Every structure is written in structure tokens, then in C-alpha cells.
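Trainee: Listed below are the residues making up each chain.
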Amino acid sequence: MTRTLTDAARDLLLDAGRVYRHDPPTADWLAHQVDRLDEPLRLAIAGKVKAGKSTLLNALVGERLAPVDAGECTKVVTWYRDAPHPAVTVVGADGSVHELPVDRRDGALVIDLRGASADDVEMLVVDWPSQSLRIATLIDTPGLSSLSHEVGRRTLRFLHPDDERPTDADAVLYLMRHLHAADAEFLEAFRGQGVAQTASVNSLAVISRADEIGGGRVDAMVSARQIARRYRSDPALRGLAQHIVAVAGLVAETGRTLRQTEFTVLDALARQPKEALEASLLTVDRFVAPDSPIARAVPGLTADQRAGLLRRFGVFGLRLSTMLIRQGVGTPAALAAELVGRSGLAELQAALDSQFVQRRAVLKARSALLAVHQVVQDDPVAGSRELSAELERLLTGAHEFVELRLLGELRFGSVTLPAPIAAEGSALLGGAGASPAARLGLPPGTPADDLRAAALDALARWQEHAENPMLDRSVTAACRTVVRTCEGLVGALPR
Amino acid sequence: MELPLTVKAVDLALATIAPYARPDLEERLRQARSRLLDDSVRVLVVGEFKQGKSLLVNALLSAPVCPVFDDVATAVSTAVSYAEEPVLTLVHTRGTGPDGAPEQVRTSRADVPLHELSDVVAGYVTEARNPRNAQGLTGVEIGIPRTMLQAGLVVVDTPGVGGLTSIHGAATMAALPTADAVLLVSDASQEYTAPELEFLRQAIRLCPNVACVLTKTDMYPEWRRIAELDRRHLRDAGISAELIAVSSTVRWQAVVTADAALNAESGFPALESYLGERVLGQADLLARRSTVHDVVAVTDQLRDGLRAEEASHRDPNGVQDLIRTLRAAQERAAALKERSARWQHTLNDGVADLNADIDHDLRDRMREITRLAEEEIDDGGDPTKNWDQLSAWIQQQVAAAASTNFLWATQRARFLAQQVAAHFAEDREAALPALRTEASAAVGAAREMKVREGEPWNLGQQALSGLRGGYIGVLMFGLLGTLVGMSLINPFSLGAGLLLGGKTISDERRRIVARRQGEAKTSVRRYVDDVTFQVGKDSRDMLRDVQRDLRDHFGELAEQLNTSLKDSLATAERSVKTTEGERSRRLAEIPDQIAKLEKLQQRVRTLVPAAAPARTAVEPVPVS
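Top to bottom, those sequences are chains A and B.
Going by numbering that gives the first Met the number 0, the first sequence runs without a break in its numbering and finishes at 494.
Going by numbering that gives the first Met the number 0, the second sequence runs without a break in its numbering and finishes at 623.
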């Protein structure tokens, strides 16, 4: 193929724009979709109320942008995107646009709607210069199962706009504390949409607030990872999300935004006898109380400061940090790295990279094709038949989509490869990441020659499978797709 | 164990009325006595999963009875009650007994020491070691020596609810009417969610004694805010349940180190006093009231007889008047006893109406589920592909429908009982019998939904049907060709053969999918029918039991009233003929006897505080 998928999708969008040029709103919308093709990936963060969506968003960005509160907090869909200058824009329900002042207090961004109710606001757009946002635009959504139904409905409308038009997000990060029936329903509904119907190619589940499992013990993350592993092996869930990871959002956020002053205080705390510190950390009230033993031991630390520490670290974070310092972590940078490492954020970032970022072109093109499909279906005019044909050709012809679809079918169980070759098959199709090394099951950074050799090997093996007369027809068809993938791999790797 | 005051009072009353030779009244007191002796107070601990329910039970009882895990833990409910030595009882529901009803099998083991209890229990009730309740347990009962439980308290740890439509949720809901109090557990990490409040709203309709417990206050600095938000949500929803904030971890630490200050900090004293005053106190107050009621009613009947006798002895001329009023009263009582009494009509009509309404409601709900399921099957292509999900969905929906239907039936039955009691109100007896309704286990007992793969549809099968179609095509067009002089095998006949072969294959595939869809629908309908049948039968049985209980209860009341009045009448009639000496002897005796009965009444009345029932609201004590 000489033309990339992105180019093909762009041409299709431009063609559609020409066909619908007499219908300005639709043409505008299509033009907007063309721009969207070149934008960073749009990643929505969804989940039930208080699942820790905003906290995780801050951890991913590495700055305290999204407001976080103990009560239900995010009530409006908020976009965070990379831009040269910070700016906050409000888009009203009536389409009006106006800017808000950028106000930063104590390292955290403060957004004041100036009395406008959340109902009048369609969305907030926060422009922020950030390396992390350059990779993906993040979209914070209000919690589902919220007691104010309107808030939950707003998220559903954003992510499942039903018949109106395809969703604005290319992929979804779904946060849950434990898997409830409502979580499974949500993932299920997000999965099957429109033409490029591909099971769970664009959602990733996160066990958030993992630090709170087991009462904030220092080994909470071990339990959390075990739970994530159990969910991953659950066949009912495999069809719903590509991957499930456990992340301690608060610790990750604090780790990425750790300040020197905080480290100094923690250092002082860690110098206290271990038993005394543990006793005062038994409950949050004890730690904050004005007559707490820790107040006498570290006189410089006011109750307010201690409450602030708790908000930033949580009981788990404080226990973990003081333990780390006691074990010899001596600088803020080292502590920050340890906190981030132990919070599971790195695993999440790796999963995001392999599942979404590497597949950016396909996910973007998929969104574009969905848009064209929607327009053609809603409003057939002269020329839309040709658009449909081209759309169909792309969907069935582009190998990337065939791969995605097969991957979804394998995960959902409507096609099953024989057990000995199932794991290799889904890896080759990109189930563990779209880079050649990930597909071939080799460590990243393997020399190109070795990759090529492995790809040739795989090609030969899968050609054999594809011609195996003992296998079912659907299986041999799947094998042929894998062969095509291997050919692509071999072609892409220079000799 | 020392006998409770109420039982002692009943014993005293039994001794006092022994000389009057009234076996019917003695029987009534004896029943009251046995009811008092085996009455337990069930407290259900409910909530979404991972809110710390099991840890709360352990901390409350200061004994490691319920297993606590980081991952989803409890899958089977565990009831903890008092026993001298630790004892563990497993309750299985085995398929069906001889008469078709599910049978309960109980196995007890007393060889488990207290500190190993939670490990052993974990083998039965946890999701990890008993996944999806593969061991088929209905429940686990544990007895432990704890003074707190001695007053008859039973604390039940339930599996996490996880939404109202889940099977666990339906089971918990069905257990609510048998509970004396409910503790809704939610942790301090967040305010109430919509499903939690919905559950609470339903629960409070079935069991008015509900308290909300906010757990894990040791972990969340903002727990006071959350508690405030929760209280506001409760107020907004019009639920007047109090909220108690506790920390099980701190309580456990307090138990281990025997630290009273720490115990106060854990917030558990407030919970304990709630259980003591509002739950046990309430139950105790009810027991005392019903005791007083029973004793006073029985002695009143005897005293009225004595008074009538006294009057007739004292004023022999007024006897005829007395006999007249007594006869009128007795006729009224006799009428109440008759089958044609008005209350009997109310009861019979009410149960008939109830039966019809409940049945209609159940069928209506089930039909809707069947309709949705059939639509889903029709739209879904080959149903064997996603059968697991579909059948799980149907089971959930059916369970939810059955439990809602059951709740409605229970509420209506209670209402009916009140209506019937209204007929007796004029005759000072209006106590309601206890209606203990058992939830139906039909949803679990119904046969499994299955869809057969049916005839296989593999490569060989496809080749065969393709060949069959192709053969016919070649033959048909080949023969036509021979008419115009071509050979049997010619390009046209081969082409037609291929076309027809392909068509046969696709026809065959469509036929098989349609057949599977048909089978799936039949299977769904059969399952729903099974459950409807079983649930319908169970709710009819339940209503019949209710009807029988009410009839017996009120029938007995009518009978007692009738006997007492007949006695008085007979005495009055006899007094016309008695001699002077006899008369003066009785006149001397009777005031004594009346005084004795009245003294007994006075003593028994002291069981209940004279003022209005002391409803001491326990203000949640903030921990600091």
C-alpha cells in the first residue's frame, strides 16, 4: 500500500466534504474531523463517581490541573490539551465561547465558572503547555452513578451519544475501584459502535485508588496487582477491555508533583521512632489532631500542614514515603521516582503507549470513518452512495482494520484459535502493542536483524497454519490475516 | 442463662390462673412463653462490596469470625449468634425433598477453636475458595461465646450487593423482611451513590429500623465532610436513619491492646449503644409490651367473670338484667367465632384478591423479560455465540423481578392483617400475630437454561450440503442441455451446479441459525416459566400460611372471648339457684381473688415504663 491509512481517511473526509458542500453545518463538521486527524489522540477518562479520574489525569499530566475534592467534584466535561500558552475556555450549551482567567493557587489550577451553573456549560477547554498532553489530549468526565442524575447523564451523552453522532473520544480509560455491574455495562456499551465494530480495541480499564485496598497497608499495591491479574484472566472481562492495570492515583500524582518542602517535612517525620510514627498514623484524626504526639516531636509542623500532607499523600503515601526515606532514599528526586514507580503509573503509561499511542493512526482513522458513516447514514444525498462504497472498501480492505477486528473477535471469543497458537496469534496482531518487537514477543530495543529473522520465522509458521486442512475455515481465515501481518512486518524491517 | 423478666412474669401469671381451670387461657400464656424464649433479634449487615462489612462484624463482636480479604470476599451470608462453645453450622439446600419443596440440610462442627474460625469459614464463604458458591451453600451459621450476643442478637454478614439487579442484591432484599434491624455499610471514601440510596429507600420500606454505618474513618481525612454529605443525601431522600461513623481497624487495635481510649476513638461505642438501645431495646420493649398485653388480657377475662358472679350474688334481683347483657355479649362473641363472621370474609376475600394481584404482577414482569430476551435473540444472529451473557442477564432480571414481586406480596399481607385486626378493635383485643415470611428460593432451584449446539455445522457438513445442491444443479441443467444436444456435463450445467451448491450452503446455514434461535427462545421461555411456576407456588403457599396464621390467631381470640362470657353466664344463671350460705361464702372469696388478679396485673405492668416508650435517640458521637 503506497497510501497510508491516515491519508485514505483524510481523502474520504475531503470527498465527503465536497459531497456535502451545500450543507454548511455538516461540511463544517466534516472539516473539523479532518483537523482532528492530525491532532493528538483524544483519550477520555471515565468511571463512577469518586473513582479518582481527576487525580489520575493530574498524575498523567504531571501537574495539578484538574480540581480534586473529597465530595463529587468534576461536573462538566473538561478537555486538557497541549498549547503554547495556558488558557481556559468555556463553551456554553448555547454555543457561546468565552475565556476565563488562568488562576493558579498553591500549584493547583483554579477554575471559577463565575456563577454559571454546570447545566449551562457544554464543556471546558484547558490549554496548557505540557509534554504529556502533546501525546494525547485528555478529557475528564463527570462520574457515572452520580446522585445528581444530570451529571452522570452528561458523561453518557458525551461518550455514547447514541444516534446523534459518533463520540468525540478516540479511546477511553475506564476507572473502577472494583468491578460493579454498572462498570461492566458501561464497557459493554462503549464497545460495539457503528461500522468499525471492534470489540474492546479502544478501552483500557484501571483499578484506581489501588492504595486504599486493604486499609492502606504498605503492601496494598501487591494485592491490587493481584486483583488486576485476576480480572485480566476473567473471560467475561477480557472482551470488555484490552488491558487492566492497578494504579494508586494519589501517590502517582504526588510523586510527579513532589516539592522540596514536602520532602523536608517527610524527612523530619521519618526521623521519629518508627512505633511513634505508626501510632500517630493509625488514624487520620490522630495525625491531624493538635495534641498528636507527632506535634510534640516535630514542633514546626502545624495541624494545617499535617492535614495538607494527608491530602497530598494519603495514609498509604505517608506510610510508604517515610518507610522509603528510612530505607535510605535521600533526595526529593529519588523519592518522587520511587513513588511513581510503586504507584503503577509506569505500567499504565506503558499500556497506554502500546495499546493507544502506537495505534494512533488506526484509532484516528477509525473515528474519521465513523464520522463519514454517520453522515452518510443520516442524510443520504447524491454522491453518498459512492462515499459508502469507498468507506466499505477501506473498512474491509485496510489491513489495520482487519487486524483490529480479528483481535476483537479473538478477545470476545467469536473466533477461537487453537490453544497452542492463540497467544502468539494475538501478540502478532498487536494485542500486546503495535511495535514490531511487541508483536514478535521480543524485548524492546532488539536489533532490526533479529526482528527480521523472527518475523520471517513467524511468517513461515503461520503460512503452515493457514494451509492446515485440519483447521476450521474461520481459523484458517484468521491465520491468513496473521500471515498478512507477518508479511507487513517483514516488509517494514530493513534488511 | 437466667430467665428474662418477661418469662418470669408469664410463669407467675400461669401459677395465678391455675385454680380457674381454663386450659384455653393457659395455652395462650404457654405459647407466649415459648415465643419469648426463642425470639432472636436479627441484624443484617448490608452494603456494596468492599465497604468493610466483614471487618465491621469482626470488630463489633471482637472475634475473627468473618474472613476479610483485599479482593472481593464474601459470597455466602454468615449469621453469628450466641453459643457456649464455638460452633460452625453449614446450611445446604438440597435439590428437592419428597414433596417437591427445597429441603434444608444442616451440618454442624464444633471442633474449630475461636481463633481459627475465620480461616475455616473462609473455605466456605469466600469468592476465591467457593467461586460462585459452587458448594451450593445457603448460609453459614456461627455460634460464639460473646456476652453481646447473649440477649438473642444475631448479626448477619451478607455478600456485597453490587447493584439491585444482581443475584446477591435480590437475595439480600428478600432477607430484609425477616430482619429486626439493618446496618447499611458504606465507606468514607465517597458519598452515597445512586444505587446505594435506591437500596436504602427499598430497605426502609421493609425494615423500618435502619442505621447507616460509615466505615474506614481512619483512612480518609475528609470523612467528616463525607458524613455531612451523606446526612444531607439522607435528608433529601426523606430517610430518617442515623449515621454512625466508625473505624474497624482502630476498634480491632483497641481490642488487641485492651485500650479503652482507643475504643472510644473507634466510634464503636455509638454503634453498640445503637444496637443495645434501639435494636435490642426496641425488641425487648416489644416483648415486654406483648407480655403485658397477654397477661392483662387473660386476667381481665377471669376478673370480668368474677365481677359478674359477685354482682349476681350481691343483688339477686338484678340477675336477670345481668344475664341479658351477658347473653348479648356472648352472642356477639359467638358470631365472631362463626365461619360467617365479617372478619373471616375480609380475610378470605383479601387473600383471594392478593393471590390474583400478586400472580398477575409476577406474570406481567416475567412476560416483559421474555419479550426483551426474544427480541435480543432475534437481533443477535447465532445465539450460541453470546449465550453466556444473555442467560446471565436473564437470570439477573428474573431474580430482580421475583424479589420485587415477593416484597410487594409481603407488604400487602401485612396490610391485610391490619385490616382484619380492625374488626376486633372494638373488643379491646387487637394484637397482631407475628408474620414471618420466608423468601422464595425458586430462582436458584430452577433448571438451568441451555441451548444445544444441535447438529454440527463443520466443514464436512458444509461440503456435503454444497455437493447435494451442486449435484441437483448439474443434473437439472445438464438434462435440459441434452435436449438441445449438449452433453450432460457442460459449462452451463457446471455453473448452475456451483450456484445452487453455494445457495444450498447459505440456506442451510440460515436454517441452522434460525433453528438455534428458536431453541434459545424455547429455552428462555421454559426457564422463565419454571421460575414463574415455582415463585407463584411459593407466594401462594406463603399467602396460604399467612391466611392460616391469621385465621388461627383471630379464631382463638374469638373462642377465648366466647368461653369467658359463657362461663360468666353460667355462673350468673347458677347464682339464681345457690343457697344463702354458699352465696355469702363466695362473696367473701371473690374480692380476694379479684385483688390477687389485679395485683398480678399491676406487677406485670411495671415491665413497661409508665411514660411513653423511651426512644432515646443516640446522637452519633464524633471521634476526636
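Note that these hints are calculated values from the structure, not bench results.
Fair warning: there could be bad hints in the mix.
[Claimed, not checked] Take a look, some chain A residues computed to stay more than 10 Å from chain B by CB distance:
| no. | residue |
| --- | --- |
| 1 | V48 |
| 2 | D119 |
| 3 | G214 |
| 4 | A306 |
| 5 | L309 |
| 6 | G313 |
| 7 | Q348 |
| 8 | G396 |
| 9 | P417 |
[As the list claims (entries may be wrong)] Among the chain A residues that face chain B by a calculated CB cut under 10 Å, a handful are:
| no. | residue |
| --- | --- |
| 10 | A50 |
| 11 | R208 |
| 12 | G215 |
| 13 | R285 |
| 14 | V314 |
| 15 | F315 |
| 16 | S383 |
| 17 | R384 |
| 18 | S387 |
| 19 | N467 |
Because the structure is a prediction, the values reported are computed rather than measured.
All C-beta atoms, glycine included, are put in the ideal place defined by N, C-alpha and C.
Trainee: Verify this label for me: G214/A is non-interface relative to chain B, using a Cβ-Cβ cutoff of 10 Å.
Mentor: The claim is violated: G214/A sits with its nearest Cβ about 6 Å from chain B, within 10 Å.
Trainee: Is the interface hint for R285/A satisfied, with its Cβ closer than 10 Å to some Cβ of chain B?
Mentor: holds (8 Å)
Trainee: Given A50/A was flagged as interface, is its beta-carbon under 10 Å from a beta-carbon of chain B?
Mentor: holds (9 Å)
Trainee: Does the claim that G396/A lies off the interface hold, with its Cβ farther than 10 Å from every Cβ of chain B?
Mentor: holds (23 Å)
Trainee: Going by Cβ atoms only, is S383/A closer than 10 Å to chain B?
Mentor: violated (26 Å)
Trainee: Minimum C-beta separation from D119/A to chain B exceeding 10 Å: can you confirm that?
Mentor: holds (23 Å)
Trainee: Mind verifying the non-interface call on A306/A? Its CB should be farther than 10 Å from each CB in chain B.
Mentor: The assertion about A306/A is violated, with a minimum of 6 Å to chain B.
Trainee: Given G215/A was flagged as interface, is its beta-carbon under 10 Å from a beta-carbon of chain B?
Mentor: With a closest approach of 5 Å, the G215/A hint holds.
Trainee: Is it correct that the beta-carbon of V48/A has no partner in chain B closer than or equal to 10 Å?
Mentor: Nearest chain B Cβ is 6 Å from V48/A, so the label is violated.
Trainee: A closest beta-carbon separation below 10 Å is what the hint needs, so does R384/A meet it against chain B?
Mentor: At about 25 Å, which exceeds the 10 Å cut-off, the nearest Cβ of chain B leaves the hint on R384/A violated.
Trainee: Using the nearest Cβ pair, does N467/A come within less than 10 Å of chain B?
Mentor: With a minimum Cβ separation of about 12 Å from chain B (threshold 10 Å), the hint on N467/A is violated.
Trainee: Would you check whether V314/A satisfies its interface hint, that is, whether its CB is within less than 10 Å of any CB in chain B?
Mentor: holds (5 Å)
Comparing the model with each numbered hint stated earlier shows that hints 1, 3, 4, 5, 6, 16, 17, 18, 19 do not hold.
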